[in-house]
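Peer 1: Residue numbers (this note's numbering), protein chains in the order written: chain A, 455 to 769; chain B, 5 to 446.
Fair warning: there could be bad hints in the mix.
Stretch by stretch, here's where chain A covers chain B in the computed footprint (C-beta under 8 angstroms, at least three residues) [what the hints assert, rightly or not]:
#	segment
1	308-322
2	378-384
3	430-439
Calculated from the structure, these hints are not laboratory results.
All C-beta atoms in this analysis are idealised placements derived from N, C-alpha and C, irrespective of residue type, glycine included.
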Amino acid sequence: MKLAHLSDLHLGYGGTGRGRGRATDVLRVFETALERIADFEPELVVIAGDVFDHPDVPPPPIAVFSRAAARLRERVPGVVFAVVAGARDTPLDPERHGPLAVVGALESVEVATAAVRRLKLRDGEASVTLVPHPAIAAARPRPVRPDPDARWNVLVMHAAVASAGARAPRVRMRDWDYIALGSNHTRTSVAPRAHYCGSLERIGPDPWGEAAVDKGFLTADLEAGEVKFRPVEARAAVSLAPIDAAGGSTATVARRLNEALAGVPGGIDGKLLRLPVRGLSVDDLAVLDREVLGPIRRRVVELRVDALPARGAAP
Amino acid sequence: MKLQTLTGGSRGSRVDLRDARGLVAVVADRDPAWRRYTRALHTAFASGGTFRGPGPVASSPDGPVRVGTPRFESLLGPVLARHGMRREEYAAVWYGAGPAGTWLSAAGALLQGAGSGGKGGGRAEGQGAPDADLRALREKAAEVATRAAAAKVAWIRERQDAETRLLLHRDRERELRRRVAAIEKAGDAADCSVCERPLGEHAETVLAARREEWESVVQDGKWWRRRRDQLKRKPGQLASLEREAAALRARIAGVAHEGAGAEGGAGGGAPGAGQGAGVVERVAASPREAGKGVAASVREEVRSRIHRRVMTLTGGRIAGSFPGLYEEWTGGGRGGGEEITVLRIAARIAMAELAIQGGLEMGAVVIPTGLERLSAEDLSRVLPELAGLGGRIGFVLVKATPSVVASAPECFDLLFRIEDATGAGRVRRQRSGVGTVRLQSD
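The following block holds chain B by itself, in its conformation from the complex (with noise of 0.2 angstroms):
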């Protein structure tokens, strides 16, 4: 769900996020204020609809509603019941709660497009038929999701490649055209566009090699526009596979409320309300347990993706040590050094990823991580990466210092400046990002 506001409790300072998108930072040097936050957030949504007072607030289609509310529970547990998730797994999503056999269990969910069903532990048992049902609807769509995924980012890359490759075709075909130009009207007194000297005797050769040049650059331009206008439809396959997972949802929200409506015939309470506390507990007896009640096919996946957002956050320079690394970190290792913090980001970044894949309402994510503690390069790649995220989401809101927004103030779009992070961290809002401008031609 989107957050809407975040507040600091009852005395505390609050944030509007209202009209937040892309990279969003609460920016202070030190964090009691944005530990207040975090820790309000998770307050209210670990409340399971008890929690009283002012608190975070997110949206719902009806309008804004209070986390940790009745009404919030009542909006949040169909969205569980849909996705297969537990509470848990959605506020690991949301904004990191719990340790990381927590975040690993949301992953491996939204991965199988759901279904925890098999992961034992959480679940009710004894569900039957429809259960099975659902399970095999949840693969089917995950596999036909993944799919469609893949043909999606296919289609855009070859129509990105497309358009690129024409405007490098137009600039040189201008380029050319007017060298030629330049050429015919000089002469021998032309300019040599290397060295800038007079091109003498060598001009007829030179304009004739230009030309040869204009003609090939406007043949190939030709047919790469033909290539960027085939490519601006959405191609059969991927459309065909587009409502087949389309349909799976529906199908699978429609087993889902029955089985939902059912559940809760028999033993009351809102969906997904229930299944929390005996989840925390087990979560709390061993960080591990989650992590291991996901099938080892899933579990490799999500390591795998894991590890190829490492490798893009630090441009694979830690290849070598993850395996070791990612070892500590699910056994429970809570080191705050550079790399486990490039890890936990890369994690956050893939779990978001399947999200969105999944189609798991979220709107915002919070990324507590702490950015500050990550080297200057691996800060230069992680910031666009979560800019990009904010943009595919709606925002991602981080915890930032000064010289993190400094490092690079065109990845965030918008600041929240705690200036008495000590006090009740009075909050300043301001701008990021580049300016824009629109010329015109008339």
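Bound conformation, chain A alone (with noise of 0.2 angstroms):
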């Protein structure tokens, strides 16, 4: 029973700065994932929540989804795709419908939106527990029980995993072979047999807080015992080390500022770039601004200047 495990894609996610390229990163991730994907030869994908970025994306994002998955289908026929819907993905109102119902409809695409749903594969053999959004975060959620049936049971949910103690649904780790997890973006093993594989790409409000981690997807070989994380080219994310303005004045800072842009390995054209500069008045950054980031951000996809106060002063 081989398996791969998508979680978090955001798929119509806008981006954070201005240029537009990074609805463009979530799409071709995406795509990319599936054709690697389609190498491991799975009998079922699952996709723990967050598939779209909001329940109001427009068209194009939905039909990447549906072409990716028909490509995979065609190089892997009878793949299943097990899809539950993250909070991003759930309509505020509940009578009215989100993109998943959409996708639902396409051929071999499981997908639950609501309730807790149950799949069988291999005329009962593999039982897949499809968890969704709203079904965890009720204010009453139903315990989950896996198949007594089934030689393989697989768990899908997206739900944070809630410290020893807290007032949350309980999940036993040994009733299940798999538990595929959902919302957080940084892959996470909770368990041998949990995982959390994070999102395709760096995306969010801090893309920079994941410079560090490698994005991609898990697969997962029940029978050998196996999860194996696979690694895809996300954009790619620079945070500087404060340029510190001490002593200095905008022409230092900018000065400081280059030598620091030309220490970067490979560059920052293209990258997401974080440019902390501490102590520098707000006066003084206005300046910087008009003059010297102005064509720091035509060579970025993203640029986040934070300001810092002065060493000793108060935060």
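Both chains are given apart, each in its own frame, so use the hints to dock them into the complex.
Peer 2: Written out as structure tokens, the structure reads:
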């Protein structure tokens, strides 16, 4: 029994930069991931929520999902997609249908949007339990149990893992052969058989928090007990060390900044760049922005400038 | 004070906030219901103890208390005296009342650890030596509190950094251990982790390299574990600063209490309540006066803090235009554009943070500014910031449209959806945020 585990695709993400390149990033990396999944020839592809960035996405991201899924089906006949709705896929009004209702109508794509749903594969030998966001976020979530007749039990959930002692529904790990989790953008192994695969791209308000983390998806061979991380090429993020303005003017800061940029391996072009400046006054930073940062903004896909207080000053 | 219930007038709907936490939104496409809630809050608060009828309710150590009643005033007075704030300044911090000048004045008062004593205008004059003592104490307390806050932030950052690095080392160690075991088991037939072809003749070299890397990761990991354990304990310097800050707060409370008692005895009325009317007139006459009254260095520090917040919320996009924008806003510009909106939100966040640092009892803040006017990119940074602030202060209450909530539902903890915004405003309560589960190993 082989499966691929994806989550937090955020198709339809608009990015936080003025450039719209990030919208293309999430679509491209999703298509790349499905091409690589085809090489692994899984029987099952699970997507643990936040397939779309918000419930009102325009048609292009839905079309990309549909095309990529069709291509995978051509290369891996019989593959099944099992998808749960994340918070982002779920419309605020429970009477409205979100974009997952559309992709759920595609061939071989099984979707759980509101309630817990169970799929049976291999004539019942494998069971996949899908727990969407509304089923967990409900005031009184129902307990989730494995299928006692199945040899392989897979659980797919969009949820955060609460600390011990917290009031939250319990899931016994020994009941499941694989627990595919979504909502955490950073790949994390919660237990040997419970994993967050993370998002495919560095997205959100702080993509630099994941600058040093590889992005990708997981594959699992349940028979062999193997879980493997498969990287994909996400947009590179560079977070510079703070440029200290202490004892210097705007010109000094500009010089220090250029020195720091020259030291970035592979340059900054086409990357996400975070630039913290420490101890520069409001007015000097305005001058720096007008005279120095403009050309840098044009070279990068996204620039974030943080103003930090001078050393020793209050935060 | 922590809001417990909002009401939209005698026939309006109610929003029950008793178990609110984090980021809470009143959700409606249009905002008549929200306007009714905020108007009722403002009317009750501004009444200075004469409010009658159903109104908003706040929580107090003795149980719920209606805003604007004499009992509310008796609780508010000592808080205002302790922090040297006028009621308009408190309203500015609590629910964003008043013009920019009052916001800046409030931020200045909080930054000074209270001290509106030097601002002139709204304070009783001629109180002599006790006032001077109080001012000196507050200046000292503000300095110590600032140093303690900086030391605490540095400690927390360092601790989080050590924790993160330890986790990364653990992950890497597990990964390398598995890799070494796989190569040892499969030998030349083991797959390359990059191209997935058999390693063949390179197997030994790769194995040696991975073993060496594993040993190095284990050593580094041990160091980070020790460092993490060391940082679990609060640094001595921080503990000492906190003790000093607490002692100063206690002394200020004692001196302020004596002062308030003397003032009450001489002039009558609840502390703080009698100061209001004159200040309202002054602020109404000139919105900039309150701001002008604050010492230049305090004004500049407030501007810097708001600037830092604006930079965070916009990713630095408006660094170049900030000085002009700030000037426009403090000059009474009431533009509803995206940039002024983000500036107002930044100012509200900065004020709330100062309130937290200064130990001002809030429990909740209301941010009335229109989130729906923000661009998608700014909104994606603003909502996590508000959620973080809500976690620190108790809760943050905002007005949001359905599309604002849908852009980042994980940031919100609780929603009150107004289903009939034009009429009585029927309210539907709805949980938000990502659900949680507990994974049990046995």
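Peer 1: Could you run down the list of hints and mark each one as holding or not?
Peer 2: Going through the hints against the structure:
no.: 1; hint: 308-322; verdict: holds (count 8)
no.: 2; hint: 378-384; verdict: holds (count 3)
no.: 3; hint: 430-439; verdict: holds (count 6)
Figure legend: structure checked against the earlier numbered hints; every hint is met.
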